[in-house]
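A.B. asks: Below are the chains, spelled out letter by letter.
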Amino acid sequence: MEKEMLLEKYLKGKLTIKEKQGFEILLKTDLMFRKEVEFQKDVKRVVTLEEDEAFRNVLYDFESEAQAKEQKKIFFSYKWLIVAASIILLFVLTYFFTVYQTSKIQELYSENFKPYRNVTHPITRGEEFADDKTKAFLAYTKGEYKESIELFTKLYTSGKEPYYLFYKANALIQLNRATEAIPLLQEHLRSSDVLSDKSNWYLAMSYLQIEDIEKAKRALNLVVKNKTYKTKQAKKLLDAL
Amino acid sequence: MDKNALKDLQSNDRLKLKALYNLYREEFLNFGRRYNLDQGLLLDIYQDSFLALRKQALQGKLDTIDASMKTYLFGITKYKIYDQLKRNKREVPYESNLHIVNEEILEIKIEEEPQLTERQLLLRKYLKELGEKCRQVLTLFYYRGLNIKEIVEYTNYNNENVVKAQKSRCLKALRQQFKR
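Protein chains in written order, with my numbering: chain P, 1 to 241; chain C, 1 to 180.
Each hint can be trusted.
20 Å max Cα-Cα, derived SDA-like pairs, lysine to any residue:
#1 C/109 - P/13
#2 P/3 - C/161
#3 P/44 - C/136
#4 P/28 - P/16
#5 C/16 - C/68
Derived coverage of chain P by chain C (criterion: at least 3 residues anywhere in the stretch with Cβ under 8 Å from a Cβ of chain C; other residues may be distant):
#6 34-45
#7 62-75
What the hints contain is simulated information worked out from the structure, not anything from laboratory work. Since the structure is predicted, the reported quantities are computational estimates derived from the model, not experimental observations. Ideal placement from N, C-alpha and C gives every residue a C-beta, glycine not left out.
All chains should be built: construct the whole structure from the sequences, respecting the hints.
C.D. replies: Printed below as a string of structure tokens:
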């Protein structure tokens, strides 16, 4: 019993100095005891090794899980980086494409648009007492569109001649106010004015100015169909669009 | 040392142990990189140290330690890092980085166990052949360092005599294997 207690304390490293002396003596004198000490020391060593290895395997698992998580993190941040880069690239491409498209449309517009020349009211040089109508067409011919717009508005209110709408619309387009020109041209189309066959062309020009390609095409198709005014030019423009 | 953390470390709860393992891992790797050791080697050191820490916790050696678990763990890793550096020095001339070391962390030496003797290798084989009951009692007694009374508290055994008898039977079985 005494021996067993000493051995247990020895294995735990808890022998007092006095006990240690007794233990040493036993080791030297008692062969059976020495064998038992060696045996239990070996058992302890082997049991410890087994436990350590089992736990080491657990730690390996922890580590590979930690590394898998890290990889995932890195992958995710890369993934988002790629997504972000793609979105930026898309924006940049869209921007350049839009700029390119816009410049192309604007080019077509300026190539094709010229305000309809005044055929309605020929201006005689040196007219001293000009009436509003003369003033309006004079301003229009001279390129003073703002002034002509005011006068055409006034004249249409009193005179109701549809061609005032047409010239006013032309002046508006020239001043980059196509959105205002469109309803005037549409109204003009409904009248049976001699200039009505030209309205579709200028409607197309208005849509081109505001880059509404679909409506511009529709108007141009009507121009082609009518075969009276700018048919060839309309065809060419349709091809370009 | 933080009682709850120590309890987690002593448990067999995989999630709790994993949480502790991950708790200090990143910081250790940052700490260890100052010594110019590669990540694989540092991870080996971390695992060895964590294992040593748990073993000490299981054997009740940390109950009276005032240092925090992190300080203690880093102390073990620091000893192992220095040991590794000494070994490296033998192979490659190594410029010492020791002056930049965080002095707050004291080295804690953990003795390395020698290779198994032939007898121990045989014993290991016989141990594997024993049943689960034997392994449990022997582990609690020799690895955890519990006494018979504590083993009764820890397990489903009815009383000390049963445990004693079980332990004796197991040791006897091992001894007989050698006599065959």
